[in-house]
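Chemist: Hey, can you work out the whole structure from these sequences and the hints?
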Amino acid sequence: MAFTLKKLSGNNMSFRIIIEPGRTEKNYWNDLWRYRELFYILSWRDIKVRYKQAALGIVWAILRPLLTMLILVYIFGTVAGMRENSIVPYAIIVFAGLLPWQFFSNSLMESSNSLTGNERLITKVYFPRMIIPASSVITSFIDFFISFLLLLVLFIVYDYLPSARIFALPAFWIIAFIASIGPGLYLTALNVKYRDFRYIIPFIVQLGLYISPVGFSSNVIPGKWQWLYSLNPMVGVIDAFRWCIVKDAGNPLLDYPFYISLGAALLFLWMGIHRFRKMERSFADLI
Amino acid sequence: MNDIVIKAENLGKKYMIFHESPERYSTLRDVIHQKTKSLFSKKKQTAREEFWALKDINFEVKRGEAVGIIGRNGAGKSTLLKILSRITEPAEGYVEMNGRVSSLLEVGTGFHPELTGRENIFLNGAILGMSRAEIKKKFDDIVDFSGVEKFLDTPVKRYSSGMYLRLAFAVAAHLEPEILIVDEVLAVGDAEFQKKCLGKMDEVSKKEGRTVLFVSHNLGAVQNLCSRGLLLQDGALSFSGDMDKTISRYVSVFLVEQTARAWKKENAPGNEYARLLQAKVSDARTGDTHTFNAMNGFVLELEIENLISEKTQLDITYHLLDEKGILITVSSSAFSPETNYYSGGTMKIRTNFPGNILNEGTYTFSRLLFVMNKEIVLTEWNDVLSFKVVKAAATIMEGMWGKEGVVKINNLNWEIHSANAH
Chain A
1 MAFTLKKLSG NNMSFRIIIE PGRTEKNYWN DLWRYRELFY ILSWRDIKVR
51 YKQAALGIVW AILRPLLTML ILVYIFGTVA GMRENSIVPY AIIVFAGLLP
101 WQFFSNSLME SSNSLTGNER LITKVYFPRM IIPASSVITS FIDFFISFLL
151 LLVLFIVYDY LPSARIFALP AFWIIAFIAS IGPGLYLTAL NVKYRDFRYI
201 IPFIVQLGLY ISPVGFSSNV IPGKWQWLYS LNPMVGVIDA FRWCIVKDAG
251 NPLLDYPFYI SLGAALLFLW MGIHRFRKME RSFADLI
Chain B
1 MNDIVIKAEN LGKKYMIFHE SPERYSTLRD VIHQKTKSLF SKKKQTAREE
51 FWALKDINFE VKRGEAVGII GRNGAGKSTL LKILSRITEP AEGYVEMNGR
101 VSSLLEVGTG FHPELTGREN IFLNGAILGM SRAEIKKKFD DIVDFSGVEK
151 FLDTPVKRYS SGMYLRLAFA VAAHLEPEIL IVDEVLAVGD AEFQKKCLGK
201 MDEVSKKEGR TVLFVSHNLG AVQNLCSRGL LLQDGALSFS GDMDKTISRY
251 VSVFLVEQTA RAWKKENAPG NEYARLLQAK VSDARTGDTH TFNAMNGFVL
301 ELEIENLISE KTQLDITYHL LDEKGILITV SSSAFSPETN YYSGGTMKIR
351 TNFPGNILNE GTYTFSRLLF VMNKEIVLTE WNDVLSFKVV KAAATIMEGM
401 WGKEGVVKIN NLNWEIHSAN AH
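Heads up: the protein sequence lines correspond to chains A and B, in order.
Residues 1 to 287 in our numbering are what the first sequence lists, from first letter to last.
Residues 1 to 422 in our numbering are what the second sequence lists, from first letter to last.
Keep in mind that the hints were calculated from the coordinates and are not lab data.
Just so it is clear, CB atoms sit at the ideal spot from N, CA and C, and this is done for glycine as well.
Take the hints with a grain of salt, since some may be wrong.
[To be verified] Simulated DEER-style distance windows between Cβ atoms:
# : chain 1 : residue 1 : chain 2 : residue 2 : range
1 : A       : 160       : B       : 35        : 34 to 44 Å
2 : B       : 158       : A       : 51        : 18 to 28 Å
3 : B       : 330       : A       : 120       : 29 to 39 Å
4 : A       : 231       : B       : 158       : 31 to 41 Å
5 : B       : 33        : A       : 18        : 32 to 42 Å
6 : B       : 207       : A       : 120       : 29 to 39 Å
7 : A       : 285       : B       : 184       : 17 to 27 Å
8 : B       : 35        : A       : 29        : 45 to 55 Å
Modeler: See the structure below:
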């Protein structure tokens, strides 16, 4: 009994909450950890609802990357004549770039609309708000996984066997995640404040598809502009994905542009978190 | 265990009201438009106004206390709860809370219509701050409490609204925080289930010693559940104290109709001589406690526990006030010619007030006195009941002078002499 009492009072000490204007909560990251179950369950909800609601959910997840790939293969390969001088089928080269790009664009779209879509939760319950955009990124991961299965199908179709480098993919996926969540958080916060921001996001995503090395290799950019081009964090990620999947692609880790991309991704992550945290406190008032 | 678990100091919340756009969020287009406009005209944008939803709120809550927060719509109750729940941040001030806080500002927050009852229990539980293990442990209890076990695997979009609410309540009722914050959630649902939930909350606060903050418009529920009250008025804390006193204050300040009240013996108002157990006013003809027809008159019924064991000469007196607090009349059983002697026990008192006297308006029974020997006031109860009298039908007077005054006097003699018409 004495033990339980002691334990109880110990508990109370740890649940001391102080509310003050402008107080950046010291235990924010602790809270995030404490609410991890909410994160799991919200991700689970999003996934479940997405694939339950529409039988088309899965078909759509297959169709979208497939069609985009076909279009890119046609535009860059046939029209622009950018077909790579490679032993690997061009479709696979494009798909290798499309895989992380689609993850990035889905994450951006999903997360930026996630807060406004969960208005009720935000005005009625407290939890670290970052959980919501983060869990919506997980949904994009499922789409990513489906696309990956599609890639395996392409391997069979083209009778292509990738090298063992493909096992390095998870490590680069983490970088893709970082590169997605940073801008995602930034845009999510802005989208709450400025509601017409949601019209800009599809535009960013569309433009991004053509300026990122999805349909072509980043090698086409002249060497002296490589540093500028690599400020797009997805450049490094796409190059790395391609290296894992395409046998004769160069190793981006050996050259500096990859690290510029990585730095940009980390910078965006910091900016995203910073902006999100700053605006988070007023979400319930704005939404 | 009299330690303080919630302490609020100088709490305030400010909103900006933008007169140009009714929305709280803006659009980028607007911002760009504003910026370019102000670039060309040097005029400063002053079309916004500060609005303090809460100001200078100070209070303390002790462990195990159940505190009721009352006030009219827009008084700041919900804002206060939102600050305490950490949903929105205050503009000024400081709150310290010791203990795990759960807040229930709405039932069924996060319920997803596409998911089944079972899935929603887990989802809603997690949203309210329960761990998966905790939900699993209580799952059967929750299902029992809700009474929807047959439909557990049906998507909740197919539930009736009653079933939906019951399931939502059931999850909420099984929260076990140290501090529970509850907003007007019990205003929905059927009466029986409301009672069940109130019972559960009562159990939580009284038996398990949890601290409860409760906002409701249901004064009866607040009174039953809470021992202490906070009265908010236009964003300020206008009264804090005993729940009964807070309600009386609220009733008298805002002229809220309060036509039937009952107290449990242990918290009935009064002193060592007498306690007021029940008070009710109803329409004399219809028995209705909501609508009082000016034509019908009304009946006042009281139940008082007389704690004086020896036989004593006792009387009851009431004062009837109008909405401005002006005394309309005093009535007392002492006015009757015979003298009444009573000894300890429950006294039931009933008085009839004839119709066609009071005009429309809100009236309050106050200064209810328990008098010994026609001169010694043993107990006094203030602001006991309030009720609103409505007009029976439009009369000719209305068109001419508007309100007809407080009292109708019917047997005045009018004499009109007309001199020298021809």
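Chemist: Now tell me if each hint is right for this structure.
Modeler: Right, here's what the structure says about each hint:
no., hint, verdict
1, A:160 <-> B:35: 34 to 44 Å, "violated, 54 Å"
2, B:158 <-> A:51: 18 to 28 Å, "holds, 19 Å"
3, B:330 <-> A:120: 29 to 39 Å, "violated, 53 Å"
4, A:231 <-> B:158: 31 to 41 Å, "violated, 52 Å"
5, B:33 <-> A:18: 32 to 42 Å, "holds, 40 Å"
6, B:207 <-> A:120: 29 to 39 Å, "holds, 32 Å"
7, A:285 <-> B:184: 17 to 27 Å, "holds, 20 Å"
8, B:35 <-> A:29: 45 to 55 Å, "violated, 36 Å"
In summary, the structure is inconsistent with hints 1, 3, 4 and 8 from the numbered list given earlier, while agreeing with the others.
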